[in-house]
Amino acid sequence: MIVGSSKSLQTDNCQLTTDNYSKMKLTLKIWRQKNAKSAGKFESHQVVAEEHMSFLEMLDVLNEQLISERKEPVAFEHDCREGICGTCSMVINGHPHGLMQGTTTCQLHMRHFKDGETIAIEPFRAQSFPLIKDLVVDRSAFDRIIQAGGYISVNTGQAPDGNAIPIEKDQALDAFNAAACIGCGACVAACPNSSAMLFTSAKVSHLAQTPQGEIEAQRRVLGMVNQMDEEGFGRCSNVTACEAECPKEISVTNIARMNREYLSASLTSDVMK
Amino acid sequence: MAFKSNVPDGSLSDKWKNYRGKMNLVAPNNKRRIEVIVVGTGLAGASAAATLGELGYQVKAFTFHDSPRRAHSIAAQGGINAAKNYQNDGDSVYRLFYDTIKGGDYRSREANVHRLAEASTEIIDQAVAQGVPLAREYGGLLANRSFGGVQVSRTFYARGQTGQQLLLGAYQALSRQISLGNVTMYNRHEMLDVVKQDGKARGIIARNLLTGELERHAAHSVVLCTGGYGNVFYLSTNAMMCNVTAAWRSVKKGAYMANPCYTQIHPTCIPVSGEYQSKLTLMSESLRNDGRVWVPKSIDDAKAIQQKKKKGIDIAEGDRDYYLERRYPAFGNLVPRDVASRAAKVACDEGKGVSPTGLAVFLDFASAIERYGKSKAHSMNLYDASPAKIKELGTAVIEEKYGNLFEMYEKITGEDPYKNPMKIYPAVHYTMGGLWVDYHLQTSVPGLFCCGEANFSDHGANRLGASALMQGLADGYFVLPYTIGTFLSGEIRTPKIDPNAKEFMTAEAEVKGRLDKIIGVQGKQSVESFHRRLGKIMWEYCGMARNAEGLAKGRKQIQELREEFYKDVFVPGDANEYNPELEKALRVADFLEMGELMMVDANDREESCGGHFREEYQTEEGEALRRDDEYAYVSAWEWTDTKDEPTLHKEELVFENVELKTRSYK
Numbered sequence: 001m002i003v004g005s006s007k008s009l010q011t012d013n014c015q016l017t018t019d020n021y022s023k024m025k026l027t028l029k030i031w032r033q034k035n036a037k038s039a040g041k042f043e044s045h046q047v048v049a050e051e052h053m054s055f056l057e058m059l060d061v062l063n064e065q066l067i068s069e070r071k072e073p074v075a076f077e078h079d080c081r082e083g084i085c086g087t088c089s090m091v092i093n094g095h096p097h098g099l100m101q102g103t104t105t106c107q108l109h110m111r112h113f114k115d116g117e118t119i120a121i122e123p124f125r126a127q128s129f130p131l132i133k134d135l136v137v138d139r140s141a142f143d144r145i146i147q148a149g150g151y152i153s154v155n156t157g158q159a160p161d162g163n164a165i166p167i168e169k170d171q172a173l174d175a176f177n178a179a180a181c182i183g184c185g186a187c188v189a190a191c192p193n194s195s196a197m198l199f200t201s202a203k204v205s206h207l208a209q210t211p212q213g214e215i216e217a218q219r220r221v222l223g224m225v226n227q228m229d230e231e232g233f234g235r236c237s238n239v240t241a242c243e244a245e246c247p248k249e250i251s252v253t254n255i256a257r258m259n260r261e262y263l264s265a266s267l268t269s270d271v272m273k
Numbered sequence: 001m002a003f004k005s006n007v008p009d010g011s012l013s014d015k016w017k018n019y020r021g022k023m024n025l026v027a028p029n030n031k032r033r034i035e036v037i038v039v040g041t042g043l044a045g046a047s048a049a050a051t052l053g054e055l056g057y058q059v060k061a062f063t064f065h066d067s068p069r070r071a072h073s074i075a076a077q078g079g080i081n082a083a084k085n086y087q088n089d090g091d092s093v094y095r096l097f098y099d100t101i102k103g104g105d106y107r108s109r110e111a112n113v114h115r116l117a118e119a120s121t122e123i124i125d126q127a128v129a130q131g132v133p134l135a136r137e138y139g140g141l142l143a144n145r146s147f148g149g150v151q152v153s154r155t156f157y158a159r160g161q162t163g164q165q166l167l168l169g170a171y172q173a174l175s176r177q178i179s180l181g182n183v184t185m186y187n188r189h190e191m192l193d194v195v196k197q198d199g200k201a202r203g204i205i206a207r208n209l210l211t212g213e214l215e216r217h218a219a220h221s222v223v224l225c226t227g228g229y230g231n232v233f234y235l236s237t238n239a240m241m242c243n244v245t246a247a248w249r250s251v252k253k254g255a256y257m258a259n260p261c262y263t264q265i266h267p268t269c270i271p272v273s274g275e276y277q278s279k280l281t282l283m284s285e286s287l288r289n290d291g292r293v294w295v296p297k298s299i300d301d302a303k304a305i306q307q308k309k310k311k312g313i314d315i316a317e318g319d320r321d322y323y324l325e326r327r328y329p330a331f332g333n334l335v336p337r338d339v340a341s342r343a344a345k346v347a348c349d350e351g352k353g354v355s356p357t358g359l360a361v362f363l364d365f366a367s368a369i370e371r372y373g374k375s376k377a378h379s380m381n382l383y384d385a386s387p388a389k390i391k392e393l394g395t396a397v398i399e400e401k402y403g404n405l406f407e408m409y410e411k412i413t414g415e416d417p418y419k420n421p422m423k424i425y426p427a428v429h430y431t432m433g434g435l436w437v438d439y440h441l442q443t444s445v446p447g448l449f450c451c452g453e454a455n456f457s458d459h460g461a462n463r464l465g466a467s468a469l470m471q472g473l474a475d476g477y478f479v480l481p482y483t484i485g486t487f488l489s490g491e492i493r494t495p496k497i498d499p500n501a502k503e504f505m506t507a508e509a510e511v512k513g514r515l516d517k518i519i520g521v522q523g524k525q526s527v528e529s530f531h532r533r534l535g536k537i538m539w540e541y542c543g544m545a546r547n548a549e550g551l552a553k554g555r556k557q558i559q560e561l562r563e564e565f566y567k568d569v570f571v572p573g574d575a576n577e578y579n580p581e582l583e584k585a586l587r588v589a590d591f592l593e594m595g596e597l598m599m600v601d602a603n604d605r606e607e608s609c610g611g612h613f614r615e616e617y618q619t620e621e622g623e624a625l626r627r628d629d630e631y632a633y634v635s636a637w638e639w640t641d642t643k644d645e646p647t648l649h650k651e652e653l654v655f656e657n658v659e660l661k662t663r664s665y666k
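The listed protein sequences derive, respectively, from chains A and B. Following the working numbering, the numbering of the first sequence begins with 1 at its first residue and continues without gaps. Following the working numbering, the numbering of the second sequence begins with 1 at its first residue and continues without gaps.
Worth flagging that the hints you see were computed from the coordinates, not collected in a lab. One should not assume that every hint holds.
[Said to hold, decoys possible] Listed next, the in silico DSS-like pairs over lysine-lysine satisfying Cα-Cα at most 25 Å (straight line):
#1 A:K23 with B:K411
#2 A:K71 with A:K41
#3 B:K411 with A:K25
[Stated by the list, open to error] Looking from chain B toward chain A, a few residues come up when the C-beta cut is under 10 Å (computed):
#4 S47
#5 I74
#6 P572
#7 A575
Remember, it's a predicted structure, so these values are computed and weren't measured experimentally. C-beta: ideal position from N, C-alpha, C; glycine also.
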């Protein structure tokens, strides 16, 4: 029988916090900037974290501390906190999303840091990602790149049966691997040229590898690359830091594919840019 | 407005076909003049905005995110159901309809659910045409897997990221309409009120989150696709910004909130590890295909584990209680979500929990590893393989099937689930309740429509796995674009709505008053601390098990907390700037009212069904006791002013095609 209002996982006297997990004292050197127009600077803060916290939960603790001192909390973006929405975006000790491979900031946990450590936290820096406040930047350039052709032109209701066109399993998997991009912008932040080639190529590559997307592949690659340039993203010089820092481990082979697509489209297509 | 379901006549399978054949249409020249506002850009919102744009309407789409691609639909892991019957295993539209009605514990509307099942097949076709990389077999055709509570294999998937891929498909369709100029996109805009003129919804007040400016947006009709309210519990698997504000503000303007007490508690989530915790993470239901759930038989063993003196692997086989297999031999570890969650609660309430908090049970893959290892060894002709070799081979099989989930578990907990059994505990995951809508998906406010998780329509008292994606996309691509025509065809003579009309000015002034009030408190406690406290009250009294006494207590505590909130909350900064704390404060303020209505609804429903378990109404074995004679209705609550008692409107559910039965998994 289920009886009585039972033990709750959120009761006030939940004793687990302090006793069971080791605590760590950290110094945060954190970028503060009121808006794009004003100058920014690093600010130092002390915070006591626990090893089981996620990095963002550690920042929650800092913000609660600042609010209790009636100071302005640090602005940072986050939402799903499970590594898939692509909202969180910060550079931790020089690495977008921190040093751990294949991990977004929200999935990074404090047990990978040491007691007494100083951690530097900055926004994603790129000319095409204008700063909004503190660690928040504007990544709407990515939306505009997709709007320039990162889709298949099919209206609702026009589709044939889903099994009408078989797609080879490995090819479908390759398309999926490119499509796994979460649009966070770490590739741009990692690149010394602030290039958006990895992001753009992931979409070009995903759609070019499906028979449905092949039809407008030329128009797509020309449109998207053109928009990428318009937005002011830099050129690719094969540094491949983008792949190393990408939390979804999107491969630079997508860039190679996009270059091939772009070259052939430029030479053979009569599609206007 | 008359409170009618507006279900069309005819036999169940003809209703939707006949409706589409006979409904009034809006001619293309008129569509160009008619404006529609869509709020939210998840699966329902993005698909609705894109499709309405394709049809020729002038669409304005709103999201509070920095990009329409970020909505929480993106986090759905498992898959999407469709009655394609590609596996030739006896699936059909009727079977999907029946499974959904039964899974929802007979608390949903037959006609809506049948329409959902009909639309399901078109969704897959549409997604494939958009280039969504769904999983495939070696022959190149689409792959399926099975999911909890059904006997056919009808779930389509894209590894563990089905929601992401489907949302990106809808986002790309939306992006195309934006580039064509059919949809105007407003990123970083949060809807703070709905505006009514002559009783009809004609626009919204939105706050530009970057500048803090309030904006008046007018249209002939407003569509809300704003998701569920699970975050009322503070801790849930929802994203941090998920909220009830758009829906709740509509309730204040006369829309009814239906079945608010139906919340889905998902059995396999990573347990809470500390007071600082901000959200919970789901481990896909698919793990229960191979994992066995257990706790120690003795409290002493459980205590030793809680105090970290023992580990799961130290407990001998005979000292373990595989309670799901014991209690439900027919379904074992694969009982539906609501049943599995309650059983975990019972075990932990008895003191047999296996984490320092005492609030976790084991999900153990050792048996599966051994089974797969033996089979693999056999196929490799290793007839005298050592146990170590068998374990190695079996581990490889498990890794292939669930590798990404095991990795995620290890990232979060720091424990290796290949060596020690996983620890899991139920957590709030989805809300079946939502704005009441009729067959047209129109709320009780004419011209105000609601799609996806935000409405109450299709899942009854419990949602089956892989059905949320199906419903969001069915509503957005295939249902609303038709049904909204029924309303808009009556509006072709209505001129462009003026956003400077007095109703808009009044609504804007009201919103401004609300912002000033919250900022003006300048108290001592943070918004977060109020949200946490609300979550504790909700979980304690309106969580996995509820009773009349607790619900009354909970309701009172929420009222007190709300009063305290308006006396002592501290919101830094001001309203005319980028201010995430203010955004949060407005959402928590609405949760503080919604939570109370959930308590009221849970108290009214004196039966147990699906996700709603009333302790007073259970069988001798502790199973849910539904009371069809008295409670086979939808509770639609009217509550425009919290000073008054909410008013209950009942929509009696009529079952013409299925027989109401007690669900049994024994």
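So, going through the hints one by one against the coordinates:
A C-alpha spacing of about 19 Å is found between A:K23 and B:K411, which places the hinted pair at or below 25 Å, so the restraint holds. The straight-line distance between the Cα atoms of A:K71 and A:K41 is roughly 16 Å, inside the 25 Å bound, and the hint therefore holds. Between B:K411 and A:K25 the alpha-carbon distance is near 21 Å, which keeps this suggested pair within the 25 Å criterion. Evaluation of the B:S47 hint against chain A yields a held restraint, the C-beta minimum of about 8 Å falling below 10 Å.
Hint status for B:I74 relative to chain A: holds, with the closest Cβ pair at about 5 Å, below 10 Å. Taking 10 Å as the C-beta contact cut-off toward chain A, the hint placing B:P572 at the interface holds, the least distance being around 5 Å. Of the supplied interface hints, the one on B:A575 is violated, with its beta-carbon coming no nearer than about 15 Å to a beta-carbon of chain A, more than 10 Å.
In summary, the one numbered hint that this structure violates is 7.
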